[in-house]
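Participant: What follows is each chain in one-letter form.
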Amino acid sequence: MTDFACHLRAGRLVASRCVACGHLAYPPRADCPACLSEDFTYHEISGRGTVHTYTRIDAAPAGFETLSPYVIGVVDLAETGRLLAWFGPSIPESEIAVGMPVQVVPRLFEEIEEIRVYYSLERPEAPGAGAV
Amino acid sequence: MARVGVVGIGHGVFGRRSDASVQELAFEAFRLALADAALEPAAIEATVIAAVPEYHKQRSIAGVVQEYLNLNPKPAWLTEVACASGSAAIRTAWMAIASGLHEVVAVIGCQKMTELDTPEILALMGRVGDVQWESTFGTTFPGYYALFARRHMHEFGTTAEQLALVAVKNHHYGALNEKALFRKEITLEKALASDPVASPMRVYDCCANADGAACLVFAAERRARAISRHPVWLDGVGCATASMSVLRRPDLTGLPSAVEASRQAHAMAGSTPRQVKVAEVHDCFTIAEIMAYEDLGFCAKGEGGAFIADRQAYIGGATPVNVDGGLKAKGHPIGATGVSMACEIVNQLRGEGSKRQVPDADLGLTHNVGGIGQYCFVNVYRRD
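Chains C and E are the protein sequences, given in the same order.
Per the numbering used here, residue 1 is the first one in the first sequence, and the count goes up by one each step.
Per the numbering used here, residue 1 is the first one in the second sequence, and the count goes up by one each step.
Think of the hints as simulated: they come from the structure by calculation, not from any bench.
It is possible that part of the hints are untrue.
Derived CB-CB ranges, DEER-like [to be verified]: (1) C:CYS6 x E:SER243: 23 to 31 Å; (2) E:THR187 x C:ALA5: 49 to 57 Å; (3) E:ASP362 x C:ALA5: 54 to 62 Å.
Stretch by stretch, here's where chain E covers chain C in the computed footprint (C-beta under 8 Å, at least three residues) [unchecked claim]: (4) 51-65; (5) 79-88.
Positions of the beta carbon are idealized from the N, C-alpha and C atoms, including for glycine.
Whole structure, please, built from the sequences with the hints as guidance.
Facilitator: Spelled out as structure tokens, the structure:
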């Protein structure tokens, strides 16, 4: 997934597209579940989506104690699939609701060792939201 | 194919068992089950042990348990599918007997959750999610069930009070169970005032880790009738899986593995959900029990909240559920849980449930979930 991270660093959120049958998958995968082909390319997606469900984690697991509480959401992506991410600073917790539109924005949290995938959920019109 | 019956049950005390090693916990349950069946150890042809290995310092725990039970050189092996490991052991015993390979098999679920120190446990628990796409954001076990709870509330209007009422019921029955970790009633107000864990779930929405063991002795029909005056038959076994990742579940208001396992178990047993007189369901979190009411067909989809609010899961209601206190009050030593559930159903079908006996219980069901529904086992038990 190094290439995935490189795309994110460049501001692009990418899904995988099967070269053989066109199956689009997020999270991206190297092997096609539909036709079993191992030939794929990355395909940039918009990062637009809606909140499917969410929770505020008060009791955090090891490595996240100093970060809690934090709110994570599961997002139905406009093109295909879902992702899970933190809500970013543009959406206060009091405004979070199932069904609200969000924009997935690439972010680098390299100073936090546990974080290897880098994006947050923001208002569609928030500064930086157009980067994806 | 041989019909498979339970001829002995043994249930140890669940709790913080600093007094005993894991093999000693296993022995406690094994001794009780042999006494219940009036069998000598030599009658046991094979042992299936359920435990989740990463919680124990001892590797390959089936060997150390089998040695401590003094059952060498009889065969023994381990089953593991997270919190459903005990039901995997039961399914394995059923297969061993139905195939004709063995006639009398002991199943032992055992687990010491407190053998490792807290940082080690936290690190293990933190890896419950998809470690590539989910755990990186600090997901937790209660956090996943909270995601289900929030969506269930959104689609069906389920309330925090309805979640808490599951805990109130299970503590009510746990107070009557001498083997339970928590033996005290709680109020709705107390549950709703407990500390937040992962919204909308609070401390009282979550079960507690525990140490403990439980044992069942299974036998082929001919032997079962010779051994026991009142064998209870395992007539339907169902098992299904669902994706590891919550991102690949089309519906986050139920567990598709539970729906499918239930369908299989009833098809094999020739029974229906309405005929279930008593059920043990996997209430690791209160929302899990509400989803189980729906997944198992005790009520319609979306009506799980009303089912508990209307006291339909109490003795006297449509389907009494977790009348031993459930994981919530009894405690959840994960390898032992599925075996413990089966012990309670056999106890109920024998009519030996004492103050928590369900009247006229002739058909019982267990529902044991591994993880967040990655694995689910549903079994149907019947008395003659």
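Participant: State for each hint whether it applies.
Facilitator: Hint-by-hint comparison with the structure:
A hinted range of 23 to 31 Å for the beta carbons of CYS6 (chain C) and SER243 (chain E) is consistent with their spacing of about 27 Å. For the pair THR187 (chain E) and ALA5 (chain C), the supplied restraint of 49 to 57 Å holds, since their beta-carbon distance comes to about 50 Å. The beta-carbon spacing between ASP362 (chain E) and ALA5 (chain C), approximately 59 Å, falls within the hinted interval of 54 to 62 Å. Three residues within the 8 Å Cβ limit are the bar, and the segment 51-65 of chain C against chain E gives 13, so the coverage statement holds.
Remark: the segment 79-88 of chain C is confirmed as covered by chain E, as 6 of its residues place a Cβ nearer than 8 Å to a Cβ of that chain, reaching the required three.
Hint compliance for this structure: every hint is met.
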